[in-house]
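Listed here are the chains, written in short residue letters.
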Amino acid sequence: DQQVKQNSPSLSVQEGRISILNCDYTNSMFDYFLWYKKYPAEGPTFLISISSIKDKNEDGRFTVFLNKSAKHLSLHIVPSQPGDSAVYFCAAITPGGYNKLIFGAGTRLAVHP
Amino acid sequence: DVKVTQSSRYLVKRTGEKVFLECVQDMDHENMFWYRQDPGLGLRLIYFSYDVKMKEKGDIPEGYSVSREKKERFSLILESASTNQTSMYLCASSSRDRPRIYEQYFGPGTRLTVT
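Protein chains in written order, with the numbering used here: chain A, 1428 to 1540; chain B, 221 to 335.
Just so you know, the hints here were simulated from the structure itself, not pulled from any lab data. For clarity, every value in this text was computed on a predicted model and none was experimentally measured. Think of the CB as a built atom: it goes at the ideal place given N, C-alpha and C, for glycine as much as any other residue. Hints may contain errors.
Claimed, not checked - The calculated lysine-lysine pairs, modelled on DSBU-like cross-linking and capped at a C-alpha distance of 35 Å, are:
| # | chain 1 | residue 1 | chain 2 | residue 2 |
| --- | --- | --- | --- | --- |
| 1 | A | 1495 | B | 275 |
| 2 | B | 233 | A | 1481 |
| 3 | A | 1498 | B | 233 |
| 4 | A | 1481 | A | 1498 |
| 5 | A | 1464 | B | 273 |
| 6 | A | 1483 | B | 273 |
| 7 | B | 238 | A | 1464 |
| 8 | B | 273 | B | 233 |
| 9 | B | 273 | A | 1432 |
| 10 | B | 277 | A | 1432 |
| 11 | A | 1464 | B | 291 |
| 12 | B | 291 | B | 273 |
| 13 | B | 233 | A | 1495 |
| 14 | B | 275 | B | 290 |
| 15 | A | 1464 | A | 1432 |
| 16 | B | 238 | A | 1432 |
| 17 | A | 1483 | B | 238 |
| 18 | B | 223 | A | 1481 |
| 19 | B | 277 | A | 1464 |
| 20 | B | 275 | A | 1464 |
| 21 | A | 1498 | B | 277 |
| 22 | A | 1464 | B | 290 |
| 23 | A | 1432 | B | 275 |
| 24 | B | 223 | A | 1432 |
| 25 | B | 238 | A | 1481 |
Said to hold, decoys possible - Just the calculated beta-carbon pair ranges, DEER-fashion:
| # | chain 1 | residue 1 | chain 2 | residue 2 | range |
| --- | --- | --- | --- | --- | --- |
| 26 | B | 297 | A | 1438 | 34 to 42 Å |
| 27 | A | 1456 | B | 248 | 26 to 34 Å |
| 28 | A | 1525 | B | 229 | 26 to 34 Å |
Put together the whole structure using the sequences plus the hints.
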């Protein structure tokens, strides 16, 4: 049973427009979330995170929104650029110590000119 | 600059072989992790280690073991490789120090094919 779900396997967006990637989770004990970006033949790299005490965190073109009541978070990329084309993974820190991450299945974003 | 390296980018092994995947980090991180990435399943945690000689099972440890004899090195061992272990294997490390306590740094991955 997947505790972190990314229901859209892929997303295609035009350059300059907004990309919105969604993530849902089932465990209300999760209190910290991260987004990772992965290019082919490379390991994932950290992009942005959010604590459950916040509902928004912004870093340049990237903003993550958290809706705790809906157990939903989203990553907004504005404006989208061709270099943003990658697989994006949503992840949550599991409670209980050790700072283990549990990942969603990923969404492949394609930004076309 | 943060660096996690993995011994091989691509590996082809036969069923039943013992396989060693090596990971080295140069950031003096306490925590190290091994994941496998499969299409539609994301990254799944196999084993992790929070200190030298310490190891904990992740979500899918069956068929794998690990070794951490030195702080910077974490090895994943497939005792008897099987075709269902064909996958991309990713190593990661993280610090126990705030503020980046939750961020994991990943290596480039090893694409293992078992025939």
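Cross-check of the supplied hints:
1. A:1495 / B:275: holds, 33 Å
2. B:233 / A:1481: violated, 47 Å
3. A:1498 / B:233: violated, 42 Å
4. A:1481 / A:1498: Within the cut-off at roughly 13 Å; holds.
5. A:1464 / B:273: Within the cut-off at roughly 31 Å; holds.
6. A:1483 / B:273: Violated, at roughly 39 Å.
7. B:238 / A:1464: Holds: residue 238 (chain B) and residue 1464 (chain A) sit about 32 Å apart, inside 35 Å.
8. B:273 / B:233: holds, 27 Å
9. B:273 / A:1432: holds, 33 Å
10. B:277 / A:1432: holds, 22 Å
11. A:1464 / B:291: Given that 35 Å is the threshold and the Cα spacing comes to 27 Å, the pair holds.
12. B:291 / B:273: holds, 9 Å
13. B:233 / A:1495: The hint is violated at about 45 Å.
14. B:275 / B:290: holds, 12 Å
15. A:1464 / A:1432: holds, 16 Å
16. B:238 / A:1432: It holds: about 34 Å lies between the C-alpha atoms, which stays within 35 Å.
17. A:1483 / B:238: violated, 47 Å
18. B:223 / A:1481: Given pair residue 223 (chain B), residue 1481 (chain A) holds - Cα atoms ~30 Å apart, limit 35 Å.
19. B:277 / A:1464: holds, 25 Å
20. B:275 / A:1464: holds, 27 Å
21. A:1498 / B:277: Satisfied, since the Cα-Cα distance of roughly 27 Å is no more than 35 Å.
22. A:1464 / B:290: holds, 29 Å
23. A:1432 / B:275: The given pair, whose Cα atoms are some 27 Å apart, holds under the 35 Å limit.
24. B:223 / A:1432: Distance of about 29 Å is within 35 Å: holds.
25. B:238 / A:1481: Violated, because 47 Å separates the two Cα atoms, which is more than 35 Å.
26. B:297 / A:1438: 34 to 42 Å: holds, 38 Å
27. A:1456 / B:248: 26 to 34 Å: holds, 30 Å
28. A:1525 / B:229: 26 to 34 Å: Holds - the Cβ-Cβ distance for residue 1525 (chain A) and residue 229 (chain B), about 28 Å, lies within 26 to 34 Å.
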